[in-house]
Amino acid sequence: MKDARQFGTLIGLVLLSAGLWILTPHFLTVSNLVNVVEQTSINAIVAVGMTFVILSGGIDLSVGSIVALAGVVLGTSLQSGHPLAIALALALAAGTAAGLVNGALISGGGLPPFIVTLGTMSIARGAALLFTEGRPVSGFDAAFRLLATGRVGFVPAPVIAMAVVYAAAHLVLTRTTFGRYVYAIGGNEEATRLSGVAVRFHKTMIYGVSGLMSAIAAVLLTARLNSAQPIAGINYELDAIAATVIGGTSLMGGEGTLGGTLVGALIMGVLRNGLNLLGVSSFLQQIVIGGVIVIAVLLDTVLKRKNRT
Amino acid sequence: MKNTIALILAAAAVSVSCNRGGPATTNSDRPTVALVLKTLNHPFFVDMRRGAQEAADRLGVNLQVQAAEREIDVEKQMQIVENMIQTGIQALVITPSGSREIVSALVKAKNAKVPIIIVDTRVDAKAAADAGVKTETFVGSDNYAGGKLAGEYLVTSTGGKAHVAILEGIPGHETGDSRMRGFRDAVKGAAGVTIVASQPANWERDQGFNVFQNMLQAHPDIDSVFACSDLMALGAIEAIRAAGKTGAIKVIGFDALDDAKKAIAAGTMAASVAQFPSEMGKAAVESAVKVIRGEALPADINVKLALVTKDNVK
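Chains A and B supply the protein sequences, listed in that same order.
Converting from the first sequence to my numbering requires adding 4 to each position, the first position being numbered 1.
By my numbering, the letter at position 119 of the second sequence is numbered 103, and the numbering carries on one by one without gaps.
Careful, some of the hints might be misleading.
Now the in silico label distances, taken between C-beta atoms and shown as ranges [stated by the list, open to error]:
1. 291/A - 246/B: 24 to 32 Å
2. 97/B - 134/A: 38 to 46 Å
3. 168/A - 290/B: 55 to 63 Å
4. 53/B - 26/A: 22 to 30 Å
To be clear, the hints were calculated from the coordinates, so they are not data collected in a lab.
Note that the Cβ used here is the ideal one computed from N, Cα and C, for glycine as well.
Can you make the complete structure from the sequences, with help from the hints?
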């Protein structure tokens, strides 16, 4: 059943693309497809972390703010003259640390993830603003910007980063005990605990993964805009949740795949791109995108109900 | 299979909207110009679009208008620019969401050999030069001069004695910074004018309300407020009303929005600096047509400013 659901999402993407191909000659060109995947890569990477969290039965509303926080840490350390490797390490560490704080509060304090990450969403945003006095940190050297502007053949660097992240995360989720526990905690946390799994530790790690993914996205975003903005990443949590649920991951936890999330993120990206190409009004675009999200969740529910009976 | 049906529905929604909006590629003899705005949920940009559309209809331009959902979303604006380039536009008219951040998007337009016209918010000159981006012209009002106009009005209308609060725009954004600089420079000479508080309210009405309410708590002696945009000024007016101080505090805004003009007529607001966004939109489209025809443009096209007060409000 899980496979059928994922297959369905893929068919959806193909149909959507076919529709756009019929409607506009600008959609199915190599340069536009490269463009779409590049635009999708940042949301797709944030959505990897979100998929881990949602699979474990949680939610992470702080991802967008962590993108901003990790971004300004990166930008500031680059501008204060740190070597690229150090600046990257600091940014990834900042994002991971923020995620681990989420995880520790949720698993250690026994607090609902929605509330904890709602709080840290505001805290991380405030910290990013405080750190930069509200101003964007702009202008980096070309070597760093290669992370966004570089190409291998015709493939943009962010797309390669996305592919590497998905491959690694997929291996972690399907081939490691940690990955199995992610599903197990989401499926039945109490049973997992009773079978001797260190649930608190693993839950903390899951939010750490989400923080790390936000930080990786922050690196790409900062390179792309040549600027680290304390107000970056607003509403990224919603896009990431949307990609995850369109991709068939159950908000109840325990069910879903990263492949689905990638297709979900691509559906969002293709939809936005296509609506731009067609010159659809920006207001109508929001309605269409919202409609697709609702339809995807509706499907998920309907399919599950059918499965049960 | 139901999800398949659902996505056909989604595609159908796309096709319906397409038929209404018109695809980007009809009439190859008509030049296609993209107008990329910061947002369309602000009357200023809605007016700008109206002016641009009127000019486009008159000049036979196929105008494609797109905007980010939120005013400060540079990344979304960049995506729109990338997508519009794919449709083979002949000129890009843009109101940048960030003076420096937008340069990355402009590089993409440059690489696609699309001429660029900047409206309302200037691009950071150094960032553009570093990236090798050349813009054809800047269409807009001189925000510094507008801020100065507001400051001079404050000095003369209060007889040079005031405790002023400033509601700033988003920090680091050229438009708000210039307005504030102009205002500060104008009141600097008046010894009796003190700026007691200055805080960002990020262009938003509700933040204007909250921030000004807090300012009034901290500084009950405030007798005038300059807001770098009318939306923030309108928020401040509500905060004044809530504090029961209507009429006791002089409110000066910027943009002369319809709501602000009503407030000026009603006496709850003293003045607002009027910009003419529809004129900007018109001048921008006219400039785009000139560029496409290969005509030269001046580096700056200044659109007039005017102070609206109770005496001249319509």
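Evaluation of the provided hints:
no. : hint                      : result
1   : 291/A - 246/B: 24 to 32 Å : holds, 30 Å
2   : 97/B - 134/A: 38 to 46 Å  : holds, 42 Å
3   : 168/A - 290/B: 55 to 63 Å : holds, 56 Å
4   : 53/B - 26/A: 22 to 30 Å   : holds, 27 Å
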